[in-house]
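Protein chains: 2
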Amino acid sequence: MTYDLDNLKIVGTRPIRPDGVDKVTGRANFGADFKMPGQLIGKVLRSPHAHARIISIDTSKAKALTGVKAVIVGEDMIDIAHELSQTGETAIDVHDLSLNVLARGKVLYDGHALAAVAATTAKIADEALALIDVQYEVLPHVIDVDEAMKPDAPVLHDDMFTKGLDETPTTPSNIASRMEMGLGDVEEGFKHADIIIERSYKTKAVHQGYIEPHAVVANFAEDGTAFVWCSSQGHFTVRDLCAKLLGMDSSAIRVIPAEIGGGFGGKTTVYIEPLAIAMSKLAGRPVKMTMTRAEVFRATGPTPATSMDVKIGVTNDGKIVAADCEFRFHAGAFAGSPVGAACMAGLTPYALENARVVGYDVVSNTCKSGAYRAPGAPNGAFAVESAMDELAQMLKMDPIEFRHINAAEEGTKAIYGPTFKQIGCKDVLVATREHPHYKSNLGPNQGRGIASGFWFNVGGQSNAAVNVHEDGTVTVVEGSPDIGGTRAAMAMMAAEVLGIEYERVQVVVADTASIAHNDGTGGSRVTFATGIAVTNAAEDVVLQLRTRAAADMGIDVEDVVWQDGSAQATKGDAKSMSLADIAAKAARTGGIIVGRSSINARGAGPSFATHICDVEVDPETGYIEILRYTTVQDVGKAIHPSYVEGQMQGGAVQGIGWALNEEYFYNEDGLLENPGFLDYRMPVASDLPMIDTVLVEVANPNHPFGVRGVGEAPLVPPLAAVVNAIYDATGVRMTELPVTPIKMLAALDAYKEAAE
Amino acid sequence: MTYDLDNLKIVGTRPIRPDGVDKVTGRANFGADFKMPGQLIGKVLRSPHAHARIISIDTSKAKALTGVKAVIVGEDMIDIAHELSQTGETAIDVHDLSLNVLARGKVLYDGHALAAVAATTAKIADEALALIDVQYEVLPHVIDVDEAMKPDAPVLHDDMFTKGLDETPTTPSNIASRMEMGLGDVEEGFKHADIIIERSYKTKAVHQGYIEPHAVVANFAEDGTAFVWCSSQGHFTVRDLCAKLLGMDSSAIRVIPAEIGGGFGGKTTVYIEPLAIAMSKLAGRPVKMTMTRAEVFRATGPTPATSMDVKIGVTNDGKIVAADCEFRFHAGAFAGSPVGAACMAGLTPYALENARVVGYDVVSNTCKSGAYRAPGAPNGAFAVESAMDELAQMLKMDPIEFRHINAAEEGTKAIYGPTFKQIGCKDVLVATREHPHYKSNLGPNQGRGIASGFWFNVGGQSNAAVNVHEDGTVTVVEGSPDIGGTRAAMAMMAAEVLGIEYERVQVVVADTASIAHNDGTGGSRVTFATGIAVTNAAEDVVLQLRTRAAADMGIDVEDVVWQDGSAQATKGDAKSMSLADIAAKAARTGGIIVGRSSINARGAGPSFATHICDVEVDPETGYIEILRYTTVQDVGKAIHPSYVEGQMQGGAVQGIGWALNEEYFYNEDGLLENPGFLDYRMPVASDLPMIDTVLVEVANPNHPFGVRGVGEAPLVPPLAAVVNAIYDATGVRMTELPVTPIKMLAALDAYKEAAE
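Each protein sequence line maps, in turn, to chains L and B.
If you use the numbering used here, the first sequence corresponds to residues 4 to 759, in order.
If you use the numbering used here, the second sequence corresponds to residues 4 to 759, in order.
No lab work stands behind these hints, which were simulated from the structure alone.
The reader is advised that the hints may include incorrect statements.
Pairs involving identical chains hold if they fit within one copy or between any two copies, as the list cannot separate such chains.
[What the hints assert, rightly or not] 20 Å max Cα-Cα, derived EDC-like pairs, lysine to aspartate or glutamate:
1. Lys284 to Asp22
2. Lys442 to Glu619
3. Lys588 to Asp96
4. Lys26 to Glu225
5. Lys284 to Asp25
6. Lys38 to Asp25
Please model the entire structure based on the sequences and the hints provided.
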């Protein structure tokens, strides 16, 4: 059912999150906070080369070292065919994943795992790694995506023949695939343009920068089952991927979800987990593995570097008549960048008649890229929204007005297929224009930029149970790791449906053995999809409560309504019965009351966001200060507004980091030079003003409480918003990220020179 | 639905239990196998007196000791009114429980807890206990049940006025309640008797003797929630009792079920668990508590000592015309012995027209008695079956024949109310008579006894989910601690319903936050009630599998049957689809498949058992050797015959212990003199022959696979079977248990003297 969103008691308020105290006091247990008696310490030997053939690996000395209980190399892994495994918003090729977890034949990037040891102490494990003798034949490497696409580039995979072409090529290349999507006739469209711009943009690989490194404790038992403790965005994904990689039954692996210290897309796959299980099996003892920060940077999945071309044509009155984009994303060592999502999302804030996007998924000698919060969309939006800003300048139009003229609305057909229902794209633009921030004054060297962004949000598979206890308290059992406060959101929706106090509802994220499969926490899906499951399960409880009350009252269930947390008779004069009244008698009226739901949710509502950014550029140092920043977003109904605001603030901050600071530096040998937070500079609180938030609430008709996803859209606009603000402050258009002070200063100097 | 019990593939076979490897290798984690970082060690100060007023408790020195983080006394517990809390087959008075957990005002038995401390080390905790200064006024005490009933006995509770009398008395006594039940007219019945015997019997308090002492780790968090790790027969019971004792919400306590190293009824309540939570709250750190063996003996719940009178009248052709019993059970320090069950069960193997049983529940200065496997029934059966044996002698009838003439059957009205449906009482007697054991020869000083027994078995509340994984493997989620191999039984029933291999089914006993309430493992209920829930949940899966397959085949679900693990079309020529086929597509056909069931099961099938015991009595030492022992029982359908046989063997061995060795010795000060396995002598393997088992399978029509409970009935006959065999060997009728060599020798001497 759908609820009257204007008459809610709990949804829309701001109670304390169930996991709050645990996290504030340090009681919460994260990936590395677990140990088992007799556990071994596992460590990984990683490639010191960007690209090399493995001639031989001699582990005999390592195996002979006292205290070493297991050593594995790639040859110990089972052979797996190429097969895509869905892990939420992304699909993972299990064959490639296996090679990424432990290299065979070649190492493909600096940090690529090629052997692992488990020993009684960390020191012995380190010594054992040093005793493994690997003979390499170093091969030429390639990092840059445009370089990697060239015909003479070093080829990573002999069996990679570009997919998606009219004819599959006969020579291997680094281009894994080409994709194309479109609307109307682009060439025809451009004929009607008064102004056409064509621009190119580049971005660098950027890490999610979660605080908590990957950690796992695995214990393989003699009966073939394994216990796994780790933090992830999806413990069912960890289970299923490990099962596939190791040839085990999914049911034989029990994964306990630790609390997660940040993921942002980066914890939707496995790295050390299958190694820990495999070594525990060999050693007959539990194995604990914890990545160092350097390993996280070198060998997990940052968002890819990209190279993008955008061509947009407009009429003099500001109407876009055609848009043509080419997005080239490097996927890292194995295919599977988020270029597809970039193609689908980049132009989607706009209602276009003629549009085309071509995407290339390209491999190169860096770690395999992963998902990062709205994967692909920030890059695409950076390109499109930079071009849009330039067009608004050329048209001498207000950039919001220009976007509003072209904005997507109900009935707009998106380039990736669907026709939009109720969306808030225009509402967001209007709210942005009317925000005091947009009307405020700027000083010297200061500028303002705006940019829009879009994210799909996804649904997917979720399960929930709502268990009613004899004392009238309730436990919600779900299986979605809580990253952004979703336990609170689930408790609120359940309490709202049941009509009881929020405090009487506990929420547990159950392990893989205790609840059925849930897709991972990603794609901004949890409050939407798991929220529907929890709401359904709570409604299932309400039906049972009404049925039991009706039997007690001696009337039909149709004559009992659930109102204000009580079963109330609409016929006769039976006394109303509260949830606690009915729960206390449950044993005698059919047994404990359990509400259930298992769904594959469809109809997640798309999110649109527009951000306003004010910067001041120091002409002498090139330092760019963020003066003020406002995020405006259609969030659907905000279940817990504080956590929605937190998502918007966090997304903006991460986007500012992409724009100004963050990048993977590779040296000429293809080795990562800044694998640590000292050299990889993320924005910290003292770098930034408070991020302002405006929640535009256009309810999603496909969710009982109108929820859209909120977690990813906020990372889409910031890159362009910052760069557009820099242009406004300086007159300089930056097309390569990040805009470091050095780059900024050089651009300012060049601009001055050109002007002189 | 009900299954064709003659055509089962998995039910009735003997696969390896899922928890077997873990238990054999030592991987399984029991109560004391868990620790938390920063945990304190909790210890309990116990009364050194059998009965005393607490004048004062000074904890100031203990609190001042460095390393002591929490000290609690009875006054720190909340006040709770008398209220019965159901914990499976027994009900617990929460007020009394609170006083048993920590005494207030008076200590009522040797070992009664009256203060607890939590400190950084066990040594400091011990020192702190020694520093607690308690001033007592020692009071007169009473142990024996008959003594405790006397008008001049020391009274334990000033507010105890016998319930169940026509008029409630105005003076307090130790008789908590009187109960009576009956059939027909006993006085009239005795008028038709040719032979009447009247006898009295006594038994001693006997401990369950589980290997694993009680242990708990509790962690109370600042948000008011608590995490509890412990082993028990019902983690939901632990949760709910702790919630009531501490004034918490049930949902605020999460209890993780450790493996259990034996319970036999003794782990259906709480002792140290609420103390650990309360001290964790005070200290802000986890608290671990482990009972010593002496604490287990002194302060947990053995089965009570009893005193019983039996009067039975028969005609010369062996027909019982009247029976009249009085059972006096001491409950220990607080009311609530299993005398009611004894009253209900003692005469129930027989179809009686005229019968009466009166029961007295009596308190005395021993630890509060608890449940022990068929609580009350072994005592009552000892009295009745001893008298029956004597009557058979007097009638010169075969004791089986005598019982068969009078045996209960379908249509017999039991003294406690119901009229029996299909039962196996007579089938068991026939099988016993035809067993080679019964026909074998005996040597000098050897004798044979038989005895029958009855147990109700119970149903109760159970929940289960059956989760189907993408790879076609299955996890059964249930909430009943596995004591006797029930995980195996659940997996077998699920596999049978689903038509897949047993090895593809994993079973997990989920914690209190991950599954809804389940009644405890007791009353022989799990394979019956949880078995129905699992079967229902598996059938729910089958319906969903058929529905999905039908949609795929393009036909109606009614035209798809589930056979041999596949959906098969009965119309058209669609290819059959296996569970794995359907599971692999589940995400695209509606999401993951989850089967659910939540029930309060009724209709558990009663069990009847008859045992044959051969003994040899050494006339010089009084030592009684068990030569041969055969148990015959109506088990309903045996899901896993090996584990049913194990239950029968274990029950027989425990009963032999009651008969020959086990008893609580109290000295004249009312202090327990044998609180340890050296002085409390349980039978060990070398004391006994292999116990033979005969499974009579009379299906219970109320269970889809015909299950009756099997765990308790085997402990009902042995006491009398042993004593009857001793009579057969020696001519001496022993009426007080245990029959130790000393008692035997004295009786033999007296017998010889009388004969001379």
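Up to 20 Å CA-CA - Glu619 versus Lys442, copy category: Within one copy only: 17 Å inside, 105 Å across.
Lys284 and Asp25: within-copy, between-copy, both or neither at 20 Å Cα: between (33 Å within a copy, 14 Å between copies)
Alpha-carbon proximity context of Lys588 and Asp96, limit 20 Å: Answer is between; shortest inter-copy Cα gap is 18 Å, intra-copy 52 Å.
Same-copy or cross-copy closeness of Lys284 to Asp22 [CA-CA at most 20 Å]: Intra 34 Å, inter 18 Å, cutoff 20 Å: inter-copy only.
Within, between, both or neither: Lys38, Asp25 at alpha-carbon 20 Å: both (19 Å within a copy, 18 Å between copies)
Up to 20 Å CA-CA - Glu225 versus Lys26, copy category: between (36 Å within a copy, 11 Å between copies)
In terms of the numbered hints stated before, the structure departs from none.
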